[in-house]
Amino acid sequence: MRELKFTVADTPQQKRSATPMVVVPKSRKGQTVRCIYCQKKTPVKTFMAANPKNETNAAPFIYGVRGAGWRNEPLHTGPVAIFIYLAFPYLKSWSKKRLETAEDSPKITMPDVDRLENQLFDSLSGIVWKDDAQIFYVTAIKIYSEKPRTVVKIQLYDVGEQIEIGVDYEWRGQ
Numbered sequence: 042m043r044e045l046k047f048t049v050a051d052t053p054q055q056k057r058s059a060t061p062m063v064v065v066p067k068s069r070k071g072q073t074v075r076c077i078y079c080q081k082k083t084p085v086k087t088f089m090a091a092n093p094k095n096e097t098n099a100a101p102f103i104y105g106v107r108g109a110g111w112r113n114e115p116l117h118t119g120p121v122a123i124f125i126y127l128a129f130p131y132l133k134s135w136s137k138k139r140l141e142t143a144e145d146s147p148k149i150t151m152p153d154v155d156r157l158e159n160q161l162f163d164s165l166s167g168i169v170w171k172d173d174a175q176i177f178y179v180t181a182i183k184i185y186s187e188k189p190r191t192v193v194k195i196q197l198y199d200v201g202e203q204i205e206i207g208v209d210y211e212w213r214g215q
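So for the sequence shown, the numbering used here puts the first residue at 42; every next one is plus one.
Errors might be hidden in some of the hints.
[What the hints assert, rightly or not] Taking lysine-lysine and the DSBU-like style, the derived pairs with C-alpha atoms no more than 30 Å apart in a straight line are:
{"id": "1", "residue 1": "K138", "residue 2": "K183"}
{"id": "2", "residue 1": "K46", "residue 2": "K138"}
{"id": "3", "residue 1": "K194", "residue 2": "K46"}
{"id": "4", "residue 1": "K137", "residue 2": "K46"}
{"id": "5", "residue 1": "K56", "residue 2": "K138"}
{"id": "6", "residue 1": "K148", "residue 2": "K46"}
{"id": "7", "residue 1": "K183", "residue 2": "K148"}
{"id": "8", "residue 1": "K133", "residue 2": "K188"}
These are calculated hints, taken from the structure and not from any lab test.
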C-alpha cells in the first residue's frame, strides 16, 4: 500500500458548472416576456474551450499530489481509498458565544459533500488513478473550523493486496 497525504490551505470549493443560468421572470396577464434567457458571465462554449477539465478548481489538488511525492509516475490501476477532511470558515454573522462552541461543528449547508468529492475525483483522474471507478472507499467530513482547508489522504492498494481500513481521525492535520 502506498499513501499520499496533502493539505490545500483554502476554503473547499465545488466544481463550477458549465451550465448557463436561465432567468425566467414571472409574467403578468397581458404582458409579454421579452428576455427569458439572460447570461452575463462567460458563454458556455468559451468557458469549456478555455477550461476543458475545469483546471481552475483542479490546480490545488494537482499541486498537492505533486508535493506529496507523485511525479511522472504511471497511473495507478488498483483499488483506491480516500479520506477527505473539509474545513470551512466560520460565518461572519455568528456571535462570539456561537464562535466559542463552533470548533468542529458539522456544516450542513451548501455545498454538498458529493459535489466536493467529485471535484477531487475528477481533478486526479488521469493523474494518479485511471478512473473514478477504482475508488472503493470514501470518508468525508465537512465541518466549520478556524482555519479553512482541505486535507486529503489517499491510500493506493495493489491488485490482490489485503485491504485493511481503520477509521483514524488523527490524519486530518490540525
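Exercise. Does the alpha-carbon distance linking K133 and K188 stay inside the 30 Å limit?
Worked result: holds, 14 Å
Exercise. Taking only the CA atoms, is the gap from K148 to K46 under or equal to 30 Å?
Worked result: holds, 23 Å
Exercise. Can the restraint linking K183 and K148 be considered satisfied, given a maximum Cα separation of 30 Å?
Worked result: Satisfied, since the Cα-Cα distance of roughly 6 Å is no more than 30 Å.
For this session: For the pair we were handed, K138 and K183, check the Cα-Cα distance against 30 Å.
Result: Distance of about 22 Å is within 30 Å: holds.
Problem set entry | Distance restraint between K46 and K138, which requires alpha-carbon spacing of 30 Å or less | Distance ~34 Å between K46 and K138 Cα, so the pair is violated.
Exercise. CA of K194 to CA of K46, is that 30 Å or under?
Worked result: holds, 4 Å
Exercise. Between K137 and K46, is the straight-line Cα distance small enough, at 30 Å or below?
Worked result: violated, 34 Å
Exercise. Are the Cα positions of K56 and K138 separated by 30 Å at most?
Worked result: violated, 33 Å
In summary, the numbered hints that this structure violates are 2, 4, 5.
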